[in-house]
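Enquirer: Listed below, chain by chain, are the residues.
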Amino acid sequence: MKHTLSVMVENQPGVLARVAGLFSRRGFNIDSLAVGQTENPAVSRMTIVVEGDDRIVEQVTKQLHKLIDVIKVGDITAEKYVDRELVMVKVNADAGQRGEIMLIADIFRARVIDFGRRTLTLECTGDEGKITAFEESLRPYGIKEMVRTGKVAMLRGTRFTSVENSGLDQDVE
Amino acid sequence: MEITAAQALVRCLEKENIEIIFGIPGAAIAPVYDALYNSKIKHVLVRHEQGAVHAADGYARATGRVGVCMATSGPGATNLVTGIANAYMDSVPMVVITGQVNTERVGTDAFQEVDTTGITIPITKHNFLLKDPAQLGETVKKAFYIASTGRPGPVLIDLPGDVTSSKIKFKYPENVKLRGYKPTYRGHPNMIKEAARLIDKAQRPVIYAGGGILNSSACGELKQLAETIDAPVTNTFMGLSSFPGDHPLYLGMLGLHGTRYANMAITECDLLIALGARFDDRVTGRISAFAPGARIIHIDIDPAEIGKNVKVNLPIVGDVKQILQALLTQVKKTERPEWHRRILELKDNYPMRYSREGGLKPQFIIERLYAETDGDSLVVTDVGQHQMWVAQYYRFKNPRMLISSGGLGTMGFGLPAAVGAQLGIPGQQVILITGDGSFQMTIQELSTVKEQKLPIKIFILNNQKLGMVRQFQQVYYEGRYMAVDFLFHPDFELLARAYGIDGFTIRSEEDAVSMLPGILESPGPALVNCLVYPGENVSPMVPAGRGIDEAIEFAEGENTL
Ligand SMILES: Cc1ncc(C[n+]2csc(CCOP(=O)(O)OP(=O)(O)O)c2C)c(N)n1
Numbered sequence: 001m002k003h004t005l006s007v008m009v010e011n012q013p014g015v016l017a018r019v020a021g022l023f024s025r026r027g028f029n030i031d032s033l034a035v036g037q038t039e040n041p042a043v044s045r046m047t048i049v050v051e052g053d054d055r056i057v058e059q060v061t062k063q064l065h066k067l068i069d070v071i072k073v074g075d076i077t078a079e080k081y082v083d084r085e086l087v088m089v090k091v092n093a094d095a096g097q098r099g100e101i102m103l104i105a106d107i108f109r110a111r112v113i114d115f116g117r118r119t120l121t122l123e124c125t126g127d128e129g130k131i132t133a134f135e136e137s138l139r140p141y142g143i144k145e146m147v148r149t150g151k152v153a154m155l156r157g158t159r160f161t162s163v164e165n166s167g168l169d170q171d172v173e
Numbered sequence: 001m002e003i004t005a006a007q008a009l010v011r012c013l014e015k016e017n018i019e020i021i022f023g024i025p026g027a028a029i030a031p032v033y034d035a036l037y038n039s040k041i042k043h044v045l046v047r048h049e050q051g052a053v054h055a056a057d058g059y060a061r062a063t064g065r066v067g068v069c070m071a072t073s074g075p076g077a078t079n080l081v082t083g084i085a086n087a088y089m090d091s092v093p094m095v096v097i098t099g100q101v102n103t104e105r106v107g108t109d110a111f112q113e114v115d116t117t118g119i120t121i122p123i124t125k126h127n128f129l130l131k132d133p134a135q136l137g138e139t140v141k142k143a144f145y146i147a148s149t150g151r152p153g154p155v156l157i158d159l160p161g162d163v164t165s166s167k168i169k170f171k172y173p174e175n176v177k178l179r180g181y182k183p184t185y186r187g188h189p190n191m192i193k194e195a196a197r198l199i200d201k202a203q204r205p206v207i208y209a210g211g212g213i214l215n216s217s218a219c220g221e222l223k224q225l226a227e228t229i230d231a232p233v234t235n236t237f238m239g240l241s242s243f244p245g246d247h248p249l250y251l252g253m254l255g256l257h258g259t260r261y262a263n264m265a266i267t268e269c270d271l272l273i274a275l276g277a278r279f280d281d282r283v284t285g286r287i288s289a290f291a292p293g294a295r296i297i298h299i300d301i302d303p304a305e306i307g308k309n310v311k312v313n314l315p316i317v318g319d320v321k322q323i324l325q326a327l328l329t330q331v332k333k334t335e336r337p338e339w340h341r342r343i344l345e346l347k348d349n350y351p352m353r354y355s356r357e358g359g360l361k362p363q364f365i366i367e368r369l370y371a372e373t374d375g376d377s378l379v380v381t382d383v384g385q386h387q388m389w390v391a392q393y394y395r396f397k398n399p400r401m402l403i404s405s406g407g408l409g410t411m412g413f414g415l416p417a418a419v420g421a422q423l424g425i426p427g428q429q430v431i432l433i434t435g436d437g438s439f440q441m442t443i444q445e446l447s448t449v450k451e452q453k454l455p456i457k458i459f460i461l462n463n464q465k466l467g468m469v470r471q472f473q474q475v476y477y478e479g480r481y482m483a484v485d486f487l488f489h490p491d492f493e494l495l496a497r498a499y500g501i502d503g504f505t506i507r508s509e510e511d512a513v514s515m516l517p518g519i520l521e522s523p524g525p526a527l528v529n530c531l532v533y534p535g536e537n538v539s540p541m542v543p544a545g546r547g548i549d550e551a552i553e554f555a556e557g558e559n560t561l
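Chains as they are written, first to last, in the working numbering: chain A, 1 to 173; chain B, 1 to 561.
Be aware that one or more of the hints could be misleading.
[Said to hold, decoys possible] Straight-line C-alpha distance at most 20 angstroms; calculated DMTMM-like pairs for lysine to aspartate or glutamate:
| id | chain 1 | residue 1 | chain 2 | residue 2 |
| --- | --- | --- | --- | --- |
| 1 | B | K308 | A | E51 |
| 2 | B | K450 | B | E478 |
| 3 | B | K311 | A | D54 |
| 4 | B | K40 | B | E451 |
| 5 | B | K131 | A | D69 |
| 6 | B | K141 | A | E10 |
| 7 | B | K347 | B | D549 |
| 8 | B | K308 | A | D83 |
[Unchecked claim] What the simulated footprint calls covered on chain B by chain A, stretch by stretch (three residues with Cβ under 8 angstroms from a Cβ of chain A suffice, anywhere in the stretch; the number is not a length):
| id | stretch |
| --- | --- |
| 9 | 125-135 |
| 10 | 346-352 |
What the hints contain is simulated information worked out from the structure, not anything from laboratory work.
C-beta: ideal position from N, C-alpha, C; glycine also.
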């Protein structure tokens, strides 16, 4: 099963190497990893999607916790959350196919961000399922190049994950 | 007043009450060595950086304090790697200081540049590459704090030469705050209550005590618990010396080369109380056959150890000493005569034994050393068969009296670790029991022994082989012996003399009996070459993939070459 971990880390050089190295040396499988700054510039947030049973994910969580630069680890899989991924696809698009492709883009609320003589480049955001469906729809035209960001996630409603509150996702109402 | 960051570092070390540093200088670390020139901290110049890190390790294990070692960039740092990994695996508190090329050269493959922090990420508890000299005090404080608290371990600080040469205002914080590091010490009260309940309910409890007992100085509490709940105690290799070796409740070591009665007691117990131990594969054998009928209480300071290798019924995260103190107020004084009858039966049916036929047996030497020292020596070992024989035949009376490489199994650890231990506790008799293979891996530190005037007694159990590997090939490769025989050895007695150390050779039981007392009482260092029967096997032994109750013993004829 796939788990989504929200990992708050010190915004320090080397922290990505520590986290990535931990996954590879302990044989944990990373599905995706997205990292960037948070509202607090001293803190970065990693959203890591990891594949494994509960026991493995428990080990992943505990081993992440052992890293000094990791401030907080939360498994939000079972929580209510929103998640998004962004993809850019460069797809073959001869004059005759452009109309169809634009139609598909419309359905997925994707945007055309560049076009060449025989290609269109589209941008689309959404959850993993939508992005995968988008990719599938474009595949018949011939995808020249594609890049996905990996997913980022956030709890729904007023609940939030931060480094200040202790324990995961406290309700602050 | 401004001072260099290197001078500030030395002041920080003085504030941490560091009395000794093991190391070898070089260009990148030169500013720090220069700052040591006026310090009262003793620097011990070893002969190889591996010697420095193992000596700091031996010092830390003997004294319970943080060991410190130092090396230059590049090859100095890479020579430390084995020793850092060794300390990491055995949870030894250590601060490692390395020089680095100047910051503007970092990343350019400069002369003697390696990515020291990159290389050591997986084998340190944490590491730092200091780029801002103003951060020096805080970084050093953090390093000592992280190394010595929670589950201890090595922390490395990599210091570029230009950083240590810069001028800064000296500041050493009293405390540091690390929001990502908050070890748990107090066990959860409800869990402790539940543990007391499980213990009261149990008929056949066994205590399985590891190195965590020594790290948390919980030996007194361990003994009190065992006696109160009347439960037999078995030690992991790392836990040896945490429980008195001659205590009636003691079962000896468990696992791969453990006593058969300890392993059988684990198999038959209905409650396993794991204290500061990590269910290592050398302990458990086939996991599904390990304590199959038992509920398991696992007390450990490292939450990641809980549930890693076995499923436990009751986990308690925290400092084992504090948890045992709390638990002791809740358990009832109990007697378990039936369980003890069974244990005695196991001890009678499956005693530890070896045959004295066929030459001078290594076990005999260990038994004589135990008898002659009354179990009061600090014993350091290397890695191999001799190490297991020490574990089996030397009965430790007091805590921290065995220093050995457990988790990593590093041949060559022994001699430098003995150097560190002896410097840590000058009045203590230190004996090193090593193998002819291991000893030659760090033999250069004999110079350090001599130079520092350390009265270490070194016993080489010389079987002219990599004995442990020979045994492995006998058991698993039908005796196809490959690369285990030494066709040449130096004359160790002469070699000792070359280093200005007394050398002896022991060839027989008679030699051992007559020579050991004099050797042990001599005031200086001694190197004793013990020519032991070379075909001896470590027995019992749990074959790979078997349950620990399925140990085999080697019959007389099977101790072959
Ligand atoms: C650095 C290192 N290299 C290789 C090994 C593999 N190994 C384990 S035991 C052993 C033999 C040790 O020989 P010796 O020190 O003579 O001790 P003995 O087993 O003969 O008592 C070897 C090669 C190791 N543990 N460490």
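Enquirer: Confirm or reject each hint.
Expert: Hints, verified against the model:
1. B:K308 to A:E51: holds, 17 angstroms
2. B:K450 to B:E478: violated, 43 angstroms
3. B:K311 to A:D54: Roughly 13 angstroms separates the two Cα atoms, so the pair holds.
4. B:K40 to B:E451: holds, 19 angstroms
5. B:K131 to A:D69: With a Cα-Cα distance of about 17 angstroms, the restraint between K131 of chain B and D69 of chain A holds, given a limit of 20 angstroms.
6. B:K141 to A:E10: holds, 18 angstroms
7. B:K347 to B:D549: holds, 14 angstroms
8. B:K308 to A:D83: violated, 30 angstroms
9. 125-135: This one holds; 3 residues, not fewer than the three required, reach chain A with a Cβ under 8 angstroms.
10. 346-352: violated (count 0)
Checked against the numbered hints listed earlier, the structure breaks hints 2, 8 and 10; every other hint is satisfied.
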